[in-house]
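Q: Go by the hints and put chain B onto chain A.
So the protein sequences, as listed, match chains A and B.
In terms of numbering that gives the first Met the number 0, the first sequence is residues 0 to 300.
In terms of numbering that gives the first Met the number 0, the second sequence is residues 0 to 300.
Hint data in this document are derived by calculation from the structure and do not stem from the laboratory.
A virtual CB, placed ideally from N, CA and C, is assigned to each residue, including glycine.
Check before you lean on any hint, since a few could be wrong.
[As the list claims (entries may be wrong)] Sample of chain B residues with no beta-carbon within 12 Å of chain A, all distances over it, derived:
no., residue
1, 197
2, 242
3, 291
[As the list claims (entries may be wrong)] Derived DEER-like restraints, expressed as beta-carbon distance ranges:
no., chain 1, residue 1, chain 2, residue 2, range
4, A, 138, B, 235, 51 to 59 Å
5, B, 110, A, 79, 57 to 65 Å
6, B, 77, A, 126, 31 to 39 Å
7, B, 196, A, 77, 35 to 43 Å
2 protein chains.
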Amino acid sequence: MKLTILGCYSATPRALNNTTSQVLEINNHMFLIDCGEGTQVQLRKHRIKFNRIKHIFISHLHGDHFFGLVGLISTFRLLTRETDLHIYGPKGIKEVITLQMKLADSWTNYKLIFHELTSNKSELIFEDDKVEVHTIPLNHRVYTNGFLFKEKEGERKLDIVAVEDANIDTAYFRKLKQGFDVINRDGVLIDNKKVTKPAKKPKSYAFCSDTMFKEDIVPIIENVDVLYHESTFLEKHANLALKTKHATAKEAAKIAKLANVDTLVLGHYSTRYDGLNAFKEEAQTIFDKVELSEDGKVFNF
Amino acid sequence: MKLTILGCYSATPRALNNTTSQVLEINNHMFLIDCGEGTQVQLRKHRIKFNRIKHIFISHLHGDHFFGLVGLISTFRLLTRETDLHIYGPKGIKEVITLQMKLADSWTNYKLIFHELTSNKSELIFEDDKVEVHTIPLNHRVYTNGFLFKEKEGERKLDIVAVEDANIDTAYFRKLKQGFDVINRDGVLIDNKKVTKPAKKPKSYAFCSDTMFKEDIVPIIENVDVLYHESTFLEKHANLALKTKHATAKEAAKIAKLANVDTLVLGHYSTRYDGLNAFKEEAQTIFDKVELSEDGKVFNF
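Chain A extracted, bound-state conformation (with noise of 0.2 Å):
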């Protein structure tokens, strides 16, 4: 699992700040989460290729999130993309997108499917047979989702020396894979656990960004591998945490500790402050395994 920062800051594009965006791959999907403005240079300064991108997830209708994705939909069509593109987000994105094409006297050459969101409870918005998304409901100024990524539960690998010492036949294969005991050559019931061993662990990955502290997320969450929850102040802007609906960097850790992550990587980080540390430490005096994110840097997990 490999997560490519974009952008992390909140509120406005700047020269050295680029608004939310990041990259997801998980299991070949290369999901692309929020698109703040100038998200298409981003993605072509750090070489991601733009036909990889098949589905795009916008939590909010705030600028900072969404400014990018009508430009990136346009240049999608400069270049002859064929590819469908499946767009996730608030109800009211499509009419944005297509007011915007309809002004330009032009549409898509390839496929442009919306699936607007409207729903307060999480629910499965993708799947097939490797990845489920689902939202997450998060409480900011304006219907906002979240998202949680997860790979389903691997098949099982088969220990092939044991296999064949087992004189399983090969058209058992797929049964032993998927956890069944089989019978082998001889007519002897073979336990399954004794000749495969367990799948990979499957990952997951929340996105939680724009919200305040909402501790209803905790169930929907709980035990995924990364989490990344907005910190866009710190506990001495409580009270603008609270006027702005957004989160404190302890507050992010808080979250991350109830859910019982394994690793917190804070962002949308607020411009008045000078350097990031001090997110770091804040969330540290919470949870321990805390992560920065900042543009163009790099996680695999």
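A: For chain B alone, kept in the frame of chain A given last:
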């Protein structure tokens, strides 16, 4: 008259190529012309004070000329701007901006005043005592205007020594500056030209992008000091220019020559070419005084 090129490439922003936007400083005004994605970052890079921008002119609603507008408006709001902002652009621009504001559940705390354009004839769209702005109807795939910025004829300058020698009362200085002959303290009529000098020649700038070769614009832009004319292609791609309703460098030069302008500035280049010299060389087969716009370049005219 100072022209700062924030972006001069066509189609899509890239790491080193910004799409159309420029700032024209003329007679204490700071006019922003077009606003491709990333314009707000370019403004920051070039240290242009946001509050000095009070008028934004949008040629047409293709993304490479206006996808940065909503972000700029939104950033002005976050920076608690109070100064009025006037937006001039094709009909539809108000709807698309206001829809995005509505979806973000936010509105500007400054006055945002839209001047939607629909005419196919040149019209006066801004005027104060120093400067006029007129539209230049262009021919592109969607409704498009160029913009002509003209200083008004200034006041004549007093030749202070001559004025004193002529024994003219200060009460008449205003009249003298306006070009009238006046009567001196001895009752003698004084010829204005003997005691004043001509006003500085008014400057003018015409921005023409995007457009195919359109001879009709010549009477509107005749004798301007500086003509910015798009040159998306070279002549070897004249077929593409025709098909996409763009111009070649040679066609830009033909317009410059027909309109008897002083300086031609080329821009809106396709990124298919290696370097820009070929654009200048091609234009100079027709017209001598050619400048190449480049991102970040500042011209003082």
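Q: Next step is simple, just say for each hint if it's right about the structure.
A: Verification of the supplied hints:
With a minimum CB-CB distance of about 44 Å to chain A, residue 197/B clears the 12 Å threshold, and the non-interface call stands. Chain A leaves residue 242/B outside its interface by the beta-carbon criterion, the shortest separation being 14 Å against a cut-off of 12 Å. Distance to chain A confirms residue 291/B as a non-interface residue, since its nearest Cβ pair spans about 22 Å, more than 12 Å. Take residue 138/A and residue 235/B: their Cβ atoms lie about 58 Å apart, and the range 51 to 59 Å holds.
Between residue 110/B and residue 79/A the C-beta distance comes to about 42 Å, which lies outside the given range of 57 to 65 Å. Distance hint for residue 77/B and residue 126/A: a CB-CB separation of about 38 Å, consistent with the stated range 31 to 39 Å. Residue 196/B and residue 77/A have their C-beta atoms about 54 Å apart, which leaves the hinted 35 to 43 Å range violated.
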